[in-house]
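Chains as they are written, first to last, in my numbering: chain A, 1 to 510; chain B, 1 to 754.
Quick caveat, the hints were computed from the structure, so don't treat them as lab data. Yeah, the Cβ is synthetic: ideal placement off N, Cα and C, and Gly gets one too. A couple of the hints might just be wrong.
Stated by the list, open to error - Now the in silico label distances, taken between C-beta atoms and shown as ranges:
1. A:Asp138 to B:Asp170: 48 to 56 Å
2. A:Ile142 to B:Gly331: 44 to 52 Å
3. A:Arg290 to B:Asp170: 36 to 44 Å
4. B:Lys626 to A:Pro40: 25 to 33 Å
5. B:Ala536 to A:Lys45: 53 to 61 Å
6. A:Leu308 to B:Ala353: 28 to 36 Å
7. B:Asp170 to A:Tyr124: 53 to 61 Å
8. B:Gly356 to A:Arg146: 35 to 43 Å
9. A:Thr294 to B:Asp170: 33 to 41 Å
10. A:Asp42 to B:Ala538: 50 to 58 Å
11. B:Ala353 to A:Lys45: 50 to 58 Å
12. A:Leu308 to B:Lys626: 57 to 65 Å
13. A:Lys342 to B:Glu358: 48 to 56 Å
14. B:Asp170 to A:Leu320: 51 to 59 Å
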Amino acid sequence: MKICIVVPTERYLSNAGARIRYQRLRAPLFAAGHEVSVLPIDAFKDLDHDVYLFSKCYEATSQLIARMAARAGKIVGVDLFDDYFSQHDNGQTRRFRSWLEEFLPNADFVLCSTPTFIDIVRDYAPQLPVHVMGDSFDTFDIEKLRRLLNAKHSDLWATRTLRVAWYGRGDNALFPVGLADLAAFGPHLSSLQNLGFTVRLEIMTNSQAMTADALASLAAIPVPFELHEWSEAEEEALLSRSHVVFLPVSAQSFSVAKSLNRCITAFSFGCQILSVGYPLYEVFDTIIYRDVSTLGDDLERKQPRLRLETLKALEHLLHLHADPVAGANNLSAFLNTVASVKMTKPQEPSKVDSTILFLHGIGSTGLIHKFVRRQKGLSVSSPFTAMSLNYDVRFEWSDECTGLNILLSKRARALLSDAFRQMSTEHGSINDIPFYKITQEAIPELSLNVAFLGKSTSASGKYAAYQDVMKVMNTVVGKLFPDSDCFVSELSRTAHRAAIDNVVEPFGLQ
Amino acid sequence: MLKKLKKYLRKALSLIFPSLKSKPKKAKKKGGEKVRQKATTVAQKAVDLESQNAPRSAAPEQKAEKKVEGRSRSQHVPPSFPFHPTDLPSAWKSVESAEDAIQVLEIRGRSLGRPRGAPAIRERLEGVLKRFDRISWHSSVAPPADSDPVPASSTDMLVFDANTCFDLGDIWFVDRETLRLRMLPKNGGEATFQIVRCYQRDPAHENSVRQLMEQPVASDTTTFVDVKLANPYLPLLMSVCEQGGELVELVILPFPSLCRGGPHYGELLATTGKKPYLGVLCEVGGMLLQSALHRQPSARLTELKIDLRPATGTERIFAPDLLYWLKSVLGLKLVASHLPSAENDTVRNYILASLGVEPGVAAHVLGEGGKALRLSVDAIPTVEALMSNWGFGAAIVESGFVMASIHDNMPKWLFRPPERPCGAVNSMEAGALFPELELLDSSALGTENVQPRTAVSAIRFCRFGPIDEVSLVYPTMSTDAIESAGSTAVEAAAVPTTTALLNASADAIAAIACLEAIALQLGVQGLKVLVAGDLADAPLIENHLQRLFPGAGRFIVAEEGESNNAVLNRLAAMVESELLLIMAAPILLHEPRSIQKLASLMVSADVASASCFLIGERQSNKNLVKLAPVFAGWFGEIGADGQISSIISALEETLPLLPPARWPVASSSGRVLMARTAEWRQFGGFDEAGQNMTTKFWSNMISMGRFHLLTTTFTAGLQSREGEQIDIFSMETDLFPDLRQLETSSVQIRRLVA
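This is chain B alone, in the form it adopts within the complex (with noise of 0.2 Å):
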């Protein structure tokens, strides 16, 4: 068996290097024994010839009859690459096998090899040593002292030297643990090879380094080295040396997870705009380096907070390796900030129990010179935020999340905050929407440019996929009348008088149908009804409006030609109660609690208006008529430079993912819309010569740092009309005539792309 690897492995390494084709000499050991590959790529070859070739042995206690019968569906084995110096020449030293061991340079016990060249090379590499080990090292590493003889400017970061006879093309995960990169070969000089190896902080022996891999790599072929790493959240240490033993290079790669296919991927992709992959994730991962190693202790987190209402203990802030990395390297401490909701003690146990919060400790107050971050428990905290020197803010502070699908870490979008806390969306009990921190020492220096706000401080993991009918529908269970739950009897006040408008011209019928559907609403006293339509609608929908609201519907003549929002801005101007509110004639509130729950929306003087989510039909692959996400609400879209550059309406099949919320957005569609009506008549009115309920009313409110607020805790339906499509939904970005100022007072959105 041992001599049919041995074939394999000649003719693979033949294929790159010519020059083996005939049998090499053994290479004889010198002293040490030869680093021994930990990884399990020999082995596994081995067992997959082994079950190739060789007949299966017996499984124990089989019984004859009984067959496996057919194939697995699929093998995956994590990608490697067998090389394994058993055959290589002998000039190939070994690290360990360096004639003069005073010179060798080496890492907490490890050898790494002899540098060559002039003393300033050494101190380079020795300067990359000293970084590696105290990022890996965080919290038993007091900080430098103010002379650093080698700054971390220094270009350390995957960045080979003219010494070393390849590049790196390019680097990510195959799988949560594989990083695997791509080698690119130096133009010009001779056919030759350097042998890479990688090392990490061994998470199993504390205070030592386990090597993961080591590879030849040749100078005249592209070659893909792959890396399996013990923890994709430790640095990582790679050199290159040469075939005697010599140490070229050695390079940092400080946070792996944020590689493409990683867990951080996210987060650069936030900072990428439209450079490319490589110079980002180096550009990005110096700045967080340099970050981390100036990190002044009273600047930096020391606490993250986990609301664990939720919790089952699948989510990735329980899985081991990023326990570790948070608890072990950085120091961390993990608290609830809120216990799990669940009433059997042993899943309460269970869940705090993983995090390593004692079971009947509620969160604790966070003392003076602490700095926490507040996570929803499907998150997991950034390298920005873990890294960064944090100054002096308010209290508490809104910051930026990634939203990325669990299944395979792949990012989607970017959301930051509006730069104004909005009260009415603080007061949520579900849980915050945007991760927090909290800065609460008032003599930390900070980092200037880390702004909490445009930061991008968790990573929140979700499943995409299609959302089922009842969470469309009935996105929450509650019964109760006011938005918020948590709210008190006192804040559930009566609703203030309110008037339904309608525009009914051209489809009366589903007017008629939007008329039965607010008649059915709760806890509206008072509520008023002003229809126009047609001429010839009208004894159809007076009749209709006698029975549903006798003594409190009227109808409105729409005169010929009237476009539909001035149809609209006639029948406001006839309104008389505290509130107003707007709807399209295919809306229909199926949840009898719309019109309370949005006036709950605007008992905060801040809020301007309160809308909510849309539903409707739509044809799905397989001609099938199904209910969808429809409209979301319309958001600043961050660009490239991280400026807003535009509006953007793309989020009706995300936001449901989320946890029911109130999101502040630059405007809603318009077809469901409370206002007051006096700020509606002096600041609002719909556009007489534009389409598609076009007002200034967004714009307006938003430059005077008032919120417009859309809830995904309930949903409206969209009725469709024959022959038309139910996207009807347009924006001119002109209506805003400073996008900036969505900053203030809307949530910002990008999309991610991978």
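Bound-form chain A, shown alone (with noise of 0.2 Å):
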């Protein structure tokens, strides 16, 4: 099969997530028969693959892209690996909440990193095939990590320094991670100091989580650290240097839910596991350590967990559950599975020549806009859209303030059925592009009693209209153009949950 992953940008390709989880598959798929490209969302230009994997593509255009992907019969899947789904009671995550709702009816699977997205997508798609792939090693070279065991335990009994590592990214915009864990556990680490052994910690993370808040935070750390900025290089010297890395882990939904690619990680450079805090990683339980005076006791004993003696043990574990050529192998045979399903199945009949629109909320972007145009679609701006960009159809508020008309360019104008042709009269130019109106008047359907509200330039008042005018732009758009698949394109997460608001009748975005 040819498997395309999507995925947001460019640079996402190089972010440790991509980097752990694709690029690491790549090689073992292929020799599965399959080939992988990774395709940044806005080069997309042809239905050229069998699979389509969504990562991380929460907006507009990955659901259309996902719908003809669907309609001509290609296999649609979603890539699950951090939890922005099961917090129902939080408004910061509604996006996201949205953008799952309306992707799965197009997604034949869901893939994802742990068993707990498992019944986190029973929640949305209770019949829909869910597999999980956990992260995979990139190499396991037993005879390296027996010499590289062998020198950091040589030096550790030398010198009788201990050299602990915490690593990774230290914030999320929603949650508290990494840094503020470090913190909240870091008094964990205060009778390593009773050990015997002159600890030091290194902590290395992204810059931008380096705030003075985080920083004052790590007050809570016990012993001497010092602190590195993160890249690839960098990681893999620390954890070449480091005899044990540290990985306290919140009990929060969004940390429960994460894979074990720290651990499987460190576990790879010879490094002993300390995990506080919820016991992510207890299939590993055998190998690392919970607390810190069973890991002092050990050290006293010169017998770490993981030690010559337990790299036979070591090698299992992580063949059970980071396998890449396993994960490989069994992620072919369920796209296998669900290929040979999909083909049993009728295939919806599919709209030849529908018309796209991608309808613009408060928050959009230019590269939405100019997708939509490549797509031969048409960009349809809303009253609260901000960007000035060259709209195919504008929906404005009316003089009288009682609803909307609406502008059309000549390409929208001649899509229109006969009868709204003929409502639409010249209306003059805009960036010198030809415009005609449609007023309210002419289609009762536009009247609106939240004008100006809309209009205030609080933004109190527009999330207070938004849900209605979102919803009468729909109905319309419907009406002007009937055989057309019609996608709201809205990044801003107020509006996402300002369109909940009325409980009767939820309007739902992606």
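Mind assembling these two chains? They're in different frames, but the hints should get you there.
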């Protein structure tokens, strides 16, 4: 199969998540007869793959591609490895839940990094096949690991200096993670100083996480530490010289769904693991430490859990939970099953030449506007849209403030039925582009009682009017362009929360 | 390497002791070993020196081509002053080498020194040791007999007597576990030094004391002493010895966590007023020490009940050193008042196990004789709560709390509950606003001056910082009709008849937007609207009234020169419905259940008015306009003497950091105000001669023991007008003729400044 992993940007390819989750599978998937390519969403042109797997593309363009791919009989899936979907009482994550609700009807499967996601997905689509594919190790060279362990342990017994590392992404826009966890669980390291070793902690994280508050909170760490900015090379060097990796885990929903990759990576550099907090890494319980005193006892006896004698056990565990070949083979078998099931299902007749429409809400981007234009679709601005771009259709408040007027470009007007085309009159030019106008009076559905709210300079007013305005726009474009595929492009988290305000008729956005 | 270390130490020491510039003789050991310094100061320095001077030892398996580039961003070594008495004069003898071992004072097998001088001095020092022992091993030591030979009121707390060659100038936390003391030279006397040593109960070894440090302190210069604590909550014993080993002084710091920068510092600040820090530390510490020493078993707290619903295991209550102090030293039992709300069994079991609560066991009913403190999971109990003798009171009593930053422990605000419990507030399902003391035993003797309500029983640690826009506009995801999701359908009764009043004068456009938002309100049957405005705006406004509220809206012409207050009074006089809702023109009810939720707050007869948190646009530093909190209610401000001295509105950046709640306030802004029409007419009305919607309604209702509730479960927006500052809220203190009345029905606050 030709598998296309759709990612949000070119830069995404270089982050740890993409590197660990996808690059490591390329070779074994190729060996299993599959071709894997990773495609930034803006570069999408044609549906020339068999499988489309979407990774963190939480905006409208992914919805369009997914729908197109589904209609073309392609296999469509989503990869979930950050839990932004189970916090139903959190308004900040509403945007992600909206996206998933919109996406899954077009999906054939869900891929996820941990079993925790199975129950999460069941809440959205109980019948959809879910496949768990954990993050895999890069390489497992037992001889290299033996040499590494020998060298590390010799160094440790000789110098009595215990090098401890904490590494990873230090922050998240929505949840307290990373350095917050390190500060919260840092006091657990206190008794490390009573083991008879000199303790040196090295912290490696992204510079964005090093805020004044985050650094102040590190005063909770009772041992001397150094702070380093993360890079791939620095991480490897850090793990190469560290004896212990400290992995504290919070029990918040976002954290308990995380994968095992930091632990696996640390193992591959011969590091002992000290994991406190939620037992995220319990599958490795026989090889990791959950408290300092046990670690101390073992170091005193010079019998740490990860040592030459236990390498075979580690190898077994890693192959059980993180083998890239097994992971690729299992994924391959899963996809084959999905494909064969899909072939037996009757295909929906594809909408030939359906018009694509993107309705831009409060938060959209120029890139999304350009994308829909490239797909020969219509870019539609709402009264809330702040960007000044060459939209094909514009909804604007009427002068009387009793509803909306519609402005249509020549291209958009040409797609109308005769009846609607006759309703339109010449309006004049915007950015040298001639427009035609259909007034509120011509289409009763354009009436609204929220014009003053929507025009208010206050964001509060816009959010109050948001749900009604977007519903009207959706209804009216459905009338004007009957065989169209309409998507709402909305990146504003507050707008997504506003869209569900009327519990009787929530307006679903993606 | 050792030579270099010695050379460095000699140089450092010679700066303090000029007489040591020549190489000293080696100290001869007599008898037992020198006390070993457990702190890693010397070892640390050795490593630092090693790393600076010696070639870096090859990291294991380090590939030649992979070179660590760049330097670390920063280094943090907990501060230490690596004095080790290796090179000190031989006259300085270790405590174990005392010639007459019988005379040596010791604690739990650890020798402290031989007291010199009169037997009275020895007696005094023994008393200090007894007290230290008693408060370090609370649960295992029986209460004292009636006659305590050395009463607890003696000044053994941080006060160094004339025999010491220095005074304590300051004491504070430099990180979570390290206390720094600044020792000041005493005037006069020859240059000399004494040896300071610090001790704590050893958490790693039951029944023993750990020496934390020892350091010479000079008499003629300021000395900094760093003490790396075994546990920041355990009492600290400090000894001062002469060079010859004679024990000169013993002092206790019974509650180090009260020191500046410590987790209980907010508790200290809450009682400080304007007194100097050290004095208050001694005074408060002394008082709490007395309470601790004379605790009656039946009068002290036996349980902490934690609301674990939102728990993640990262909260301070889970910290190992705190749990050790609470459970192993104080013998407290920790139970869950509410189980974790996570559906994941592993999460739930982990949270419960972390506190030592058995999975599957819900909070039991507190039996006769027990005292418990109910806490939110973001809180820790205060020293006062734990050490006080609590007498009998109402079954459940609210108590005060301090809000502090989780990042650096810095205290920010003190909150004190109203005297009168408010039924509407207590019914909240999301968690109690205040810590609550369960005091059930009627026979217990209490301490007369400890009142639960005015005590500070908890420190809540919150993430101070910018508030995201979603949380400002929609503090909850709930689309429920009523304030409390836990209420039953019966309680979600239809909203009583309500009339909204609005003065559109001078801003008709803003008023129409306000009306549109009212028209979007859900679950409000028969809502009427009265709008006053300028004559010139009549057609416009009447047109929109007809559009939005056909048959239910009415326009009243505002008279020329009529003040806003007078207009609203006139409108209120026309209201026939049970409830009235006063709105200022710039207010936007973006929450479509605002009126319904306000009405649900008014269900309780105790409640006189209901309002909500206000947000609006503010200019930020980068010339961007963004949504920000604007108004969170007026509160009685607690003065330095503990009484209410004024009213203050300053919690707009703070209240959103706490879970959404209903706050009893002194007053709200008046810009969104729901009240009973009859009560408003009788006890309210705006002052027609005054400005900015001034009214005696606030004070009149409070004087009758009624509540004004301001909810943070939803917000309303304040439209900004061009050229106008958004901070238009002012309140005249003299509207409350007797500020003490605010204690009855409103929360009182005080800003804590470190």
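Going down the list of hints, with the structure as the test:
Range check, A:Asp138 to B:Asp170: Cβ separation about 53 Å, and the 48 to 56 Å hint holds. A beta carbon spacing of about 51 Å between A:Ile142 and B:Gly331 agrees with the range 44 to 52 Å that was offered as a hint. Distance hint check: the CB atoms of A:Arg290 and B:Asp170 are about 40 Å apart, consistent with the given range 36 to 44 Å. Roughly 30 Å separates the CB atoms of B:Lys626 and A:Pro40, a value that falls within the hinted 25 to 33 Å.
Against the hinted window of 53 to 61 Å, the Cβ-Cβ separation of B:Ala536 and A:Lys45 comes to about 60 Å, which satisfies the hint. Taking 28 to 36 Å as the suggested C-beta distance range, the pair A:Leu308 and B:Ala353 conforms, at roughly 33 Å. A hinted range of 53 to 61 Å holds for the C-beta pair B:Asp170 and A:Tyr124, which are about 58 Å apart. At roughly 41 Å, the beta carbons of B:Gly356 and A:Arg146 sit within the given window of 35 to 43 Å.
Between A:Thr294 and B:Asp170 the beta carbons are some 40 Å apart, a value that agrees with the proposed interval 33 to 41 Å. Between A:Asp42 and B:Ala538 the C-beta distance comes to about 54 Å, which sits within the given range of 50 to 58 Å. Between B:Ala353 and A:Lys45 the Cβ separation comes to about 54 Å, which falls inside the hinted range of 50 to 58 Å. A hinted range of 57 to 65 Å for the beta carbons of A:Leu308 and B:Lys626 is consistent with their spacing of about 58 Å.
One distance hint, 48 to 56 Å for the beta-carbon pair A:Lys342 and B:Glu358, holds here, with the actual separation near 49 Å. One distance hint, 51 to 59 Å for the beta-carbon pair B:Asp170 and A:Leu320, holds here, with the actual separation near 57 Å.
Taken one by one, the earlier hints all hold for this structure without exception.
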